[in-house]
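Undergrad: These are the residues of each chain, in order.
Number of protein chains: 2
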Amino acid sequence: MKQILAEIITIGDEILYGQTLDTNSHWISEALDRRGIKVLRKTTIGDQESEILTAFAEAESRVDLVLITGGLGPTNDDLTKPCLVKFFNTDLVLNEKALSDVAEFFARRGRELTQLNRNQALLPRNCVMIPNRHGTAPGMWFERDNTVFVSMPGVPHEMKHIMEESILPKISAHFKVPALIHKMVKTTGIGESFLADIIKEWEDALPKNIKLAYLPSPGEVKLRLTGLGNDKKALEEGIEREIASLQKLASEYIYGYNGDTLEKVIGELMRNQSKTMAVAESCTGGYLAHMITSVPGSSDYFLGGMVPYSNRMKTELLGIPEELIEEKGAVSEEVVKWMAESVRKKFSADIGLASSGIAGPGGGSAEKPVGTVWIACSCASHTQTKKLQLSLDRNINIKLSSISLLNLLRKQLIQ
Amino acid sequence: MKQILAEIITIGDEILYGQTLDTNSHWISEALDRRGIKVLRKTTIGDQESEILTAFAEAESRVDLVLITGGLGPTNDDLTKPCLVKFFNTDLVLNEKALSDVAEFFARRGRELTQLNRNQALLPRNCVMIPNRHGTAPGMWFERDNTVFVSMPGVPHEMKHIMEESILPKISAHFKVPALIHKMVKTTGIGESFLADIIKEWEDALPKNIKLAYLPSPGEVKLRLTGLGNDKKALEEGIEREIASLQKLASEYIYGYNGDTLEKVIGELMRNQSKTMAVAESCTGGYLAHMITSVPGSSDYFLGGMVPYSNRMKTELLGIPEELIEEKGAVSEEVVKWMAESVRKKFSADIGLASSGIAGPGGGSAEKPVGTVWIACSCASHTQTKKLQLSLDRNINIKLSSISLLNLLRKQLIQ
Numbered sequence: 002m003k004q005i006l007a008e009i010i011t012i013g014d015e016i017l018y019g020q021t022l023d024t025n026s027h028w029i030s031e032a033l034d035r036r037g038i039k040v041l042r043k044t045t046i047g048d049q050e051s052e053i054l055t056a057f058a059e060a061e062s063r064v065d066l067v068l069i070t071g072g073l074g075p076t077n078d079d080l081t082k083p084c085l086v087k088f089f090n091t092d093l094v095l096n097e098k099a100l101s102d103v104a105e106f107f108a109r110r111g112r113e114l115t116q117l118n119r120n121q122a123l124l125p126r127n128c129v130m131i132p133n134r135h136g137t138a139p140g141m142w143f144e145r146d147n148t149v150f151v152s153m154p155g156v157p158h159e160m161k162h163i164m165e166e167s168i169l170p171k172i173s174a175h176f177k178v179p180a181l182i183h184k185m186v187k188t189t190g191i192g193e194s195f196l197a198d199i200i201k202e203w204e205d206a207l208p209k210n211i212k213l214a215y216l217p218s219p220g221e222v223k224l225r226l227t228g229l230g231n232d233k234k235a236l237e238e239g240i241e242r243e244i245a246s247l248q249k250l251a252s253e254y255i256y257g258y259n260g261d262t263l264e265k266v267i268g269e270l271m272r273n274q275s276k277t278m279a280v281a282e283s284c285t286g287g288y289l290a291h292m293i294t295s296v297p298g299s300s301d302y303f304l305g306g307m308v309p310y311s312n313r314m315k316t317e318l319l320g321i322p323e324e325l326i327e328e329k330g331a332v333s334e335e336v337v338k339w340m341a342e343s344v345r346k347k348f349s350a351d352i353g354l355a356s357s358g359i360a361g362p363g364g365g366s367a368e369k370p371v372g373t374v375w376i377a378c379s380c381a382s383h384t385q386t387k388k389l390q391l392s393l394d395r396n397i398n399i400k401l402s403s404i405s406l407l408n409l410l411r412k413q414l415i416q
Numbered sequence: 002m003k004q005i006l007a008e009i010i011t012i013g014d015e016i017l018y019g020q021t022l023d024t025n026s027h028w029i030s031e032a033l034d035r036r037g038i039k040v041l042r043k044t045t046i047g048d049q050e051s052e053i054l055t056a057f058a059e060a061e062s063r064v065d066l067v068l069i070t071g072g073l074g075p076t077n078d079d080l081t082k083p084c085l086v087k088f089f090n091t092d093l094v095l096n097e098k099a100l101s102d103v104a105e106f107f108a109r110r111g112r113e114l115t116q117l118n119r120n121q122a123l124l125p126r127n128c129v130m131i132p133n134r135h136g137t138a139p140g141m142w143f144e145r146d147n148t149v150f151v152s153m154p155g156v157p158h159e160m161k162h163i164m165e166e167s168i169l170p171k172i173s174a175h176f177k178v179p180a181l182i183h184k185m186v187k188t189t190g191i192g193e194s195f196l197a198d199i200i201k202e203w204e205d206a207l208p209k210n211i212k213l214a215y216l217p218s219p220g221e222v223k224l225r226l227t228g229l230g231n232d233k234k235a236l237e238e239g240i241e242r243e244i245a246s247l248q249k250l251a252s253e254y255i256y257g258y259n260g261d262t263l264e265k266v267i268g269e270l271m272r273n274q275s276k277t278m279a280v281a282e283s284c285t286g287g288y289l290a291h292m293i294t295s296v297p298g299s300s301d302y303f304l305g306g307m308v309p310y311s312n313r314m315k316t317e318l319l320g321i322p323e324e325l326i327e328e329k330g331a332v333s334e335e336v337v338k339w340m341a342e343s344v345r346k347k348f349s350a351d352i353g354l355a356s357s358g359i360a361g362p363g364g365g366s367a368e369k370p371v372g373t374v375w376i377a378c379s380c381a382s383h384t385q386t387k388k389l390q391l392s393l394d395r396n397i398n399i400k401l402s403s404i405s406l407l408n409l410l411r412k413q414l415i416q
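Listed in order, the protein sequences are those of chains A and B. To convert, count from 1 in the first sequence and add 1; that's the numbering used here. To convert, count from 1 in the second sequence and add 1; that's the numbering used here.
Chain A extracted, bound-state conformation:
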């Protein structure tokens, strides 16, 4: 079966000038890869007509699918649409659906529709309009000879919604692609190289048609198993077999699969066990509550939280004795234990989580350097505590502490 080739073109001076990190093409690459489409090249160019037209022509000569992001804003520095009109030698026509969409977008916000935004409903005559429920610039789908061009806004969440809701399904329908099965195994609580040591023999013994990739990010390592072939069912069975034996080796680190996130998994466990929780955050400063409440429906099990950032509030809100804080320090096992137990009782929740640490860059000492964090998970029967020694980066420490706390809770819930 013919391998489908794609090129991703990212348009925007801000990327060439190093002011914006291009995460769009990374996200798109992964989405195409999962569908067995090979990304041959990524090109980033500025807001300059000649450059844009050259890139379009070069891509058309190379690949079957060209995905373009950026340059669709309403302002004069956005050149993608005029360039598409030139490239396809066509003209702009008003798209009624696009106009009503953008009108509704503004109506929802109780704002007046400006002429600039009205113009965003003018689309090249030869394109299929792709709705954008999350912004004012619709996506566009073009076909010429054997190449498909797709133009999308550069705002990451708009691009992702458009891709998932419209473009990816259209791509799968338009192109015949070989069976490609991906399964993501999500682990936390272990570093990439340690995990690699544990599963080395299993990895070396993987069948040729199943590929393994390590995808590390702060606080977790994803393992992606990719099976490529023509018998989809056999591939799926093969991958499930491999995951079963992987489970035996690394079960304590595996928290979920594919779209699972630690906070979603926690949510399901909490709901199934009809338990409730509350959090008391010092060094995580609200990020833990944010992770939990980023899950739709989290109000079913999350009663709420406190961020007693100052020591005074630790005493006033959670009744932690000043003497204890003075004697042991706010960053101590005793204080974090008290925080977790106290917040659990205060919210009459089944589980209380707490964090206290030195996120940095300041506040470190010889015996408690930056990155020293205590976390605690308390339930009626007992309270578990853990000391973490993290990095020098404030925001990494905040995220890693929150993830470690959720993982501490997860282990408690699956016992």
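Quick caveat, the hints were computed from the structure, so don't treat them as lab data. Please note that the accuracy of each hint is not assured.
Put simply, identical chains are the same to the list, so a pair is met inside one copy or across any two.
[Stated by the list, open to error] Derived pair list, reagent style SDA-like, types lysine to any residue, alpha-carbon separation capped at 25 Å: (1) K209 / N77; (2) K387 / R109; (3) K400 / G220; (4) K400 / E15.
Every value quoted in this text rests on a predicted model; they were computed, and no experiment measured them.
Given the structure of chain A, go ahead and fit chain B onto it with the hints provided.
TA: Relative to the frame of chain A, chain B by itself:
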């Protein structure tokens, strides 16, 4: 003076497959931009000879400077060096300095030098060797006709060290570069198209040597002014003049410049006015506290917060009468006002912020659809409230509500 044009070529399948986020080209772009070198294009290709050679040839035809990262490892899938040999039609010779460097690199780690690593000291005859103290693959500098090619390892910290220690100084010495000045103006509280309407005349009247770009992201629009010319001082003065007149048009939306963030600006204002604050978050679920505490030293002014997610906790923690919640609903001006005032008093803070809304995707109704959010900012003298009508995306709503609250506070602080 001639504008120096550069292209960045990133080599590696892992980037095209979406397994590795390319941060190298972002870092390089910024480094070149700061030196007034214009990055015309970024290209990412896989470990494939034909692709690499094509990219080299295309770049040579376009630009004065080609910066290449990746594909210099010791293993067979690393093709950059053999491709450079082909491209420059030369051969490999042993570089004694490179050999002693790699030998020393292994000696420091008490490891044996393998033949594979020995081969890394074989370099194209026509290149200048660039030492790499942090890895085993040296950088390479080539000149042909009027184009400079630089090849560097893809490991980010190795690339950065090589760039800072050797390549950037060599580039500045080799090229005469014109002055390029950037200034970023950061706005919030207004959409791209509305801002464009307000400043249209100013934009149209900008001198030719100053370019304007709109960089929108959820909750803010950055305006980037770029000045290019030979007289650096005159450019800086010109840009400052333009910003002064921009200020007159959009002062209420401009919260900062260049590296400023809304939470940093708030932090400085709070510290300068030696005020303290506390937050009560319902729909923002901890994200507001997270934004505030992501700033180092925020404990100077941030006393803490509460996330009374359930109505019961709104009553228990903040003393909001059940009847009020029943009558008006948790998402109402009355309740959010009470939350802000109550949390301010409870923490004996100067300022109290509160949010209550329907983040979605569930929980919407005809009269309070998803995206309906009430925010409040309370100080001793009075409490300000505001109703927001946001999007359908839960996490965007959480972020936009938090940003709007910080902006409400900012306006209060600069009065």
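Undergrad: Run through the hints listed earlier and report the numbers of any the structure violates, in increasing order.
TA: none
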